[in-house]
Amino acid sequence: MDVLVTGGTGRLGRLVVERLQDGGHRVRQMSRRGTGPGGVRGDLATGRDLPTALAGAEVVVHAASDARGDYWEADVAGTRRLVQSVDRDRLRHLVFVSIVGVDRIPYGYYHAKYAAEQVLLASGLPVTLLRITQFHDFVDQLLTTARRGPVLPVPMGWRLQPVDVAEAAAHTAEVALGAPAGDVVEFGGPEELTAAEVARAWAAARESNAHVVATPVPGRLSAAVRDGGALPTRGARGRRTYAEHLRG
0 MDVLVTGGTG RLGRLVVERL QDGGHRVRQM SRRGTGPGGV RGDLATGRDL PTALAGAEVV
60 VHAASDARGD YWEADVAGTR RLVQSVDRDR LRHLVFVSIV GVDRIPYGYY HAKYAAEQVL
120 LASGLPVTLL RITQFHDFVD QLLTTARRGP VLPVPMGWRL QPVDVAEAAA HTAEVALGAP
180 AGDVVEFGGP EELTAAEVAR AWAAARESNA HVVATPVPGR LSAAVRDGGA LPTRGARGRR
240 TYAEHLRG
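Residues in the sequence shown are numbered from 0 upward in steps of one, following numbering that gives the first Met the number 0.
Since the hints were derived computationally from the structure, they do not count as laboratory data.
Hints may be right or wrong, so weigh each one.
[To be verified] Taking CB as the label site, the calculated pair distances span:
id	residue 1	residue 2	range
1	Asp102	Ala145	20 to 28 Å
2	Ser207	Pro105	30 to 38 Å
3	Gly234	Pro36	26 to 34 Å
The C-beta atom is built at its ideal place from N, Cα and C for all residues, glycine as well.
All chains should be built: construct the whole structure from the sequences, respecting the hints.
In structure tokens, the structure reads:
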């Protein structure tokens, strides 16, 4: 199978590339510079070289994103340019990597991901919208950033279901090589945890002198996460727990 991966150097994308290559598929990684093994040039921000990069691709895994910059340009406009440039005569499946809760949590980046999903659903292409929960190592980064000296404040009542990134990559590759769902599918971790439970486990394993303090956080975003907006409601589950991640 001829596969093109956008965002192939990211946390998830590089593991998806490895998984597909191990399966004997021809995998190309698209980036602005087109560097690295299997690299091809294609710029989602301008549309430059996109038709050439996408020519002949039977499967596209669209994992490129920008949570810190202009995510409306990167995720929505970039996805629209991708749709306009795909080889419709060859394409069998386009998988868009999204996030569980983009339709329920009022957060700007999530709104952009959800809007990109709607672009794909309206495109007439054979698509699957794969929503995944937060990766274990991303949760680690958030906790490291949140710590304030000996105090680790976390939002009270927030409910999470973090997942192992390698398991998410394996599932993404499996979905990509299967039939298009034409809709949303979800993938999450094996267990539901509160933010305080996650933080206490992290502190015990990594920062034993950190004192976890669960703090009430007002607002619609916080209410949505407390109500389970970040939890998967269906679909497959990973097996590796957050505690196993910390021990590893």
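Using the C-beta atoms of Asp102 and Ala145, is the stated range 20 to 28 Å upheld?
Because 26 Å falls inside the window, the suggested range holds.
C-beta pair Gly234, Pro36: status relative to the range 26 to 34 Å that was hinted:
With a Cβ separation near 31 Å, Gly234 and Pro36 satisfy 26 to 34 Å, so the hint holds.
CB of Ser207 to CB of Pro105, is that within 30 to 38 Å?
Given range 30 to 38 Å: holds, Cβ gap about 36 Å.
Every hint from the earlier list agrees with this structure, and none is contradicted.
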